[in-house]
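**Student:** The chain contents come next:
2 protein chains.
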Amino acid sequence: MTGLKPSWIDSANAPDTDFPLNNLPYGVFSVDDGDLRCGVAIGDRIVDATGLEAAGILRADPEADVLDAPWWNDFMELGPKVWADYRARLTALLSDGADEQTQEAVITHSVPMAQATLHMPFRVSEYTDFYAGRHHATNVGTMFRGAENALPPNWLHIPIGYNGRASSVVVSGTDVTRPHGQLKGPNDTVPRFGPSARFDIELEMGAIVGTASDGPISVAEAYDNIFGYVLLNDWSARDIQAWEYQPLGPFQAKATATTISPWIVTAAALEPFRTSTPEREKDLLPYLQEPGPMLYDIALDVGLTPAGGDETVIARTNYNEMYYSAAQQLAHHTTCGCPMRVGDLLGSGTISGPEKDMRGSLLELSWGGKEPLTLDSGETRSFIEDGDTLALRGAAQGDGFRIGFGPCLGTVTPARS
Amino acid sequence: MTGLKPSWIDSANAPDTDFPLNNLPYGVFSVDDGDLRCGVAIGDRIVDATGLEAAGILRADPEADVLDAPWWNDFMELGPKVWADYRARLTALLSDGADEQTQEAVITHSVPMAQATLHMPFRVSEYTDFYAGRHHATNVGTMFRGAENALPPNWLHIPIGYNGRASSVVVSGTDVTRPHGQLKGPNDTVPRFGPSARFDIELEMGAIVGTASDGPISVAEAYDNIFGYVLLNDWSARDIQAWEYQPLGPFQAKATATTISPWIVTAAALEPFRTSTPEREKDLLPYLQEPGPMLYDIALDVGLTPAGGDETVIARTNYNEMYYSAAQQLAHHTTCGCPMRVGDLLGSGTISGPEKDMRGSLLELSWGGKEPLTLDSGETRSFIEDGDTLALRGAAQGDGFRIGFGPCLGTVTPARS
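Residue numbers (the numbering used here), protein chains in the order written: chain W, 69 to 485; chain Y, 69 to 485.
Warning: the hint list may mix true and false statements.
Said to hold, decoys possible - Only pairs whose alpha carbons sit at most 20 angstroms apart, straight line, appear in this in silico SDA-like list of lysine to any residue:
| no. | chain 1 | residue 1 | chain 2 | residue 2 |
| --- | --- | --- | --- | --- |
| 1 | Y | 350 | W | 261 |
| 2 | W | 252 | Y | 357 |
| 3 | W | 73 | W | 350 |
| 4 | Y | 350 | W | 260 |
| 5 | W | 252 | Y | 225 |
| 6 | W | 252 | Y | 354 |
| 7 | W | 350 | Y | 257 |
| 8 | W | 252 | Y | 355 |
| 9 | Y | 424 | Y | 437 |
| 10 | W | 252 | Y | 220 |
To be verified - Partner residues aside, some chain W positions facing chain Y, computed with beta carbon under 8 angstroms:
| no. | residue |
| --- | --- |
| 11 | 199 |
| 12 | 228 |
| 13 | 234 |
| 14 | 320 |
| 15 | 405 |
To be verified - Derived Cβ-Cβ restraints for the label pairs, each shown as a range:
| no. | chain 1 | residue 1 | chain 2 | residue 2 | range |
| --- | --- | --- | --- | --- | --- |
| 16 | W | 112 | Y | 409 | 49 to 59 angstroms |
| 17 | Y | 104 | W | 424 | 53 to 63 angstroms |
| 18 | W | 261 | Y | 148 | 21 to 31 angstroms |
| 19 | W | 265 | Y | 147 | 35 to 45 angstroms |
| 20 | W | 132 | Y | 243 | 26 to 36 angstroms |
| 21 | Y | 439 | W | 348 | 38 to 48 angstroms |
The hints are simulated quantities; they were obtained by calculation from the structure and are not laboratory data.
We treat Cβ as the ideally placed atom computed from N, Cα and C, and that holds for glycine.
Generate coordinates for the entire structure from the input sequences, incorporating the hints supplied.
**Tutor:** The structure is reproduced here in structure tokens:
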């Protein structure tokens, strides 16, 4: 495995930074009341990619400005060769040994991250969410249908997915209002309308489609079409879901918000951390078989901070627990001829590990509310309470460096009165 | 009820035209290899709205061109007051009695419809499909669960919906390739991958959101936010659906294509045809109650034409059979805080009537394939065969005029080999 690539920006060489030269994730930022600009994280700074393009120092397309927009979609449209070329030239600009003139130009076109506000890094075309973590599906199935029938009959054959709502995807730091919805609990004789009392997180990774396709594609093609990854919190109202989801799936339970981390970590940066999906219990059909390792070793954790309190880490798991990779999910998504577009976002499904403290949702952690969690403060939680801040974090650990995502944060505010 | 509004364009005064002056639906067209332009249907002509705007004859916004794009989204963004004002001024230009100079200018900026190719009239932001026709839900439920359990417990309380795939929405006339998918039929011991053998239509209306919203809205607000309607064919692979849809709903079964008719018929044009949803079997929660009639009386039919053969009309029904209106569906869609955007498309759900020949899908018409339909030629059909052309038609009938949609056509071509 490669080691740390040294940069002349000192903070990028710290072993605990999320953003060494090996990473170079893409985001969108603003300073004070300024315009939204495309930026690249390096150590504790953000390089102003929009500024470098306008100044002619680093251009993705010699003919057209693609970074004069508040998203990376136009850049993604240029395709994998341009992605690789741009990353190589960006790496050169920031590498130890870059000449003084280069360093001065980059400093001119960069800002301290602490001064910046981060925004959605890309425009979400459509959002699809999967249900492809075996431990999660087994836990949820056991609660609802018993251990014998935990996994649906199709689960080991299909990466089960459903379409979500792109308009509800927000960037880390956006407050999330507790939703209202139609509810019918076990003690209700008729349905009622009110705030969700079982509001939850789902710890997921999001894969971003960078190359469009118009018909069925292979798993290998799907792998090449994925531009990068973010952390993803698929906020879920369990009580709304329980009443609405039969027969056509979750709808309003999942449409309040989906929070993503602010930096697109590229597939290129994650390349050294590729790992295989787990052994198959049943052979997959050929169209779903992976030609090589297409999952990643990314350590993940979830923190819960009550209003005014301290954080408790409530779960630690790893993206390598998934039964299906994003490439398999994307290939399956195209089987019927469904066109995929640049900016499509695919949620992995909740990532739980085999142990109790590796579960990626409160539904699982509190076993449907029957075994409330105890926080470090002594407070307990079955589901999210108003004022709680949930933080997802993730990083791939290299030798002397790590590829981090930056936190994926959201605070739940009270339901509208 | 109002009668025909006479126009100086004679073909608009024929009692059987879909496009009298009372209608004025919005579409996008091109002639030969020319640019895509926004147009308005009137009789057998298309008025070039992009040209009228550029010439300063009829502008929606005095400051900015909104029709120099291949869609009506920018026009919709201007809001209901502009929609009404534009429609009034357009009506004046085309009314009997318009002066000679006006008539000459309009003729200059119009083309015979027969010379034009029609394109998608708007850019679909996101697509949601509902399941809100009671006869359809009862028929399908009876086939799958028996007559006693036909309607799911939530059905009379919630307009059940699921998110569809906007990228697969196409305009009338686009061929539809029979999809492949993962299948496991009653005779299969393991799943297999192959072409759908039970490919079907769903006769629906599509409502187009013209005003964005960021939080929950009332049914009355939802009604005001709907810009117009199209016919919608939600092509469905029943065998893919049967294997994939539990527990999270239909996914690849519905993502091959959804065909819409080419003209957006405005809510303004349909105003005289408002009608109430049917009597409630169970009271709706207040947030879903309609303050007035919000459904429309629109006669619908479906024709099936085998390759090289003649058409058989296989179903006749009416939009007034729906249990929930589009306004109720849109209001429900926002309950959890889900943001809605200009260009969102809401499918009504399959529109079936109480009689056998009023069913809006082959699944229902052939009762799951057990009672194949006999076409006028003597051929039979359980589901769609390669080369079949399916046509949806719809019109609201006034006194001496009708508000028509233009056909919603699609021919099914063989699966990829």
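**Student:** Taking the hints in turn, state whether each one holds.
**Tutor:** Comparing the hints with the structure gives:
1. The hinted pair formed by residue 350 of chain Y and residue 261 of chain W meets the criterion: a straight-line CA distance of about 15 angstroms does not exceed 20 angstroms.
2. Only pairs whose Cα atoms come within 20 angstroms are accepted, and residue 252 of chain W paired with residue 357 of chain Y is accepted, the gap being roughly 18 angstroms.
3. Under the criterion of a C-alpha separation no larger than 20 angstroms, the hint pairing residue 73 of chain W with residue 350 of chain W is inconsistent with the structure, at around 41 angstroms.
4. In summary, the hint linking residue 350 of chain Y to residue 260 of chain W is supported, as the alpha carbons are separated by about 13 angstroms, within the 20 angstroms threshold.
5. At most 20 angstroms may separate the alpha-carbon atoms for a hinted pair to count; residue 252 of chain W and residue 225 of chain Y meet this at roughly 10 angstroms.
6. For the suggested pair residue 252 of chain W and residue 354 of chain Y, the alpha carbons sit about 15 angstroms apart, so the restraint of at most 20 angstroms is met.
7. As the CA atoms of residue 350 of chain W and residue 257 of chain Y are separated by approximately 13 angstroms, the hinted pair is consistent with the 20 angstroms bound.
8. For the suggested pair residue 252 of chain W and residue 355 of chain Y, the alpha carbons sit about 15 angstroms apart, so the restraint of at most 20 angstroms is met.
9. The suggested pairing of residue 424 of chain Y with residue 437 of chain Y holds, with an alpha-carbon distance near 14 angstroms, which does not exceed 20 angstroms.
10. A hinted pair counts as satisfied when its Cα atoms are at most 20 angstroms apart, and residue 252 of chain W with residue 220 of chain Y qualifies at roughly 14 angstroms.
11. Checking residue 199 of chain W against chain Y by beta carbon gives a least distance of about 6 angstroms; that is within 8 angstroms, so the hint holds.
12. Below 8 angstroms, beta-carbon pairs count as interface contacts, and residue 228 of chain W has one with chain Y at about 6 angstroms; its hint therefore holds.
13. The criterion of a C-beta within 8 angstroms of any C-beta in chain Y is met by residue 234 of chain W, whose closest approach is roughly 6 angstroms, and the hint holds.
14. Annotation: residue 320 of chain W was flagged as interfacial toward chain Y, and the flag holds, the nearest CB pair being 4 angstroms apart, inside 8 angstroms.
15. Because the closest C-beta pair between residue 405 of chain W and chain Y is about 5 angstroms apart, less than 8 angstroms, the hint holds.
16. Look at residue 112 of chain W against residue 409 of chain Y: about 36 angstroms separates their beta carbons, and that is not inside 49 to 59 angstroms.
17. A hinted range of 53 to 63 angstroms for the beta carbons of residue 104 of chain Y and residue 424 of chain W is consistent with their spacing of about 57 angstroms.
18. Look at residue 261 of chain W against residue 148 of chain Y: about 27 angstroms separates their beta carbons, and that is inside 21 to 31 angstroms.
19. Range check, residue 265 of chain W to residue 147 of chain Y: Cβ separation about 37 angstroms, and the 35 to 45 angstroms hint holds.
20. A hinted range of 26 to 36 angstroms for the beta carbons of residue 132 of chain W and residue 243 of chain Y is consistent with their spacing of about 33 angstroms.
21. Checked against the given bound of 38 to 48 angstroms, the beta carbons of residue 439 of chain Y and residue 348 of chain W, roughly 41 angstroms apart, stay inside it.
Of the numbered hints stated above, those contradicted by the structure are hints 3 and 16, listed in ascending order.
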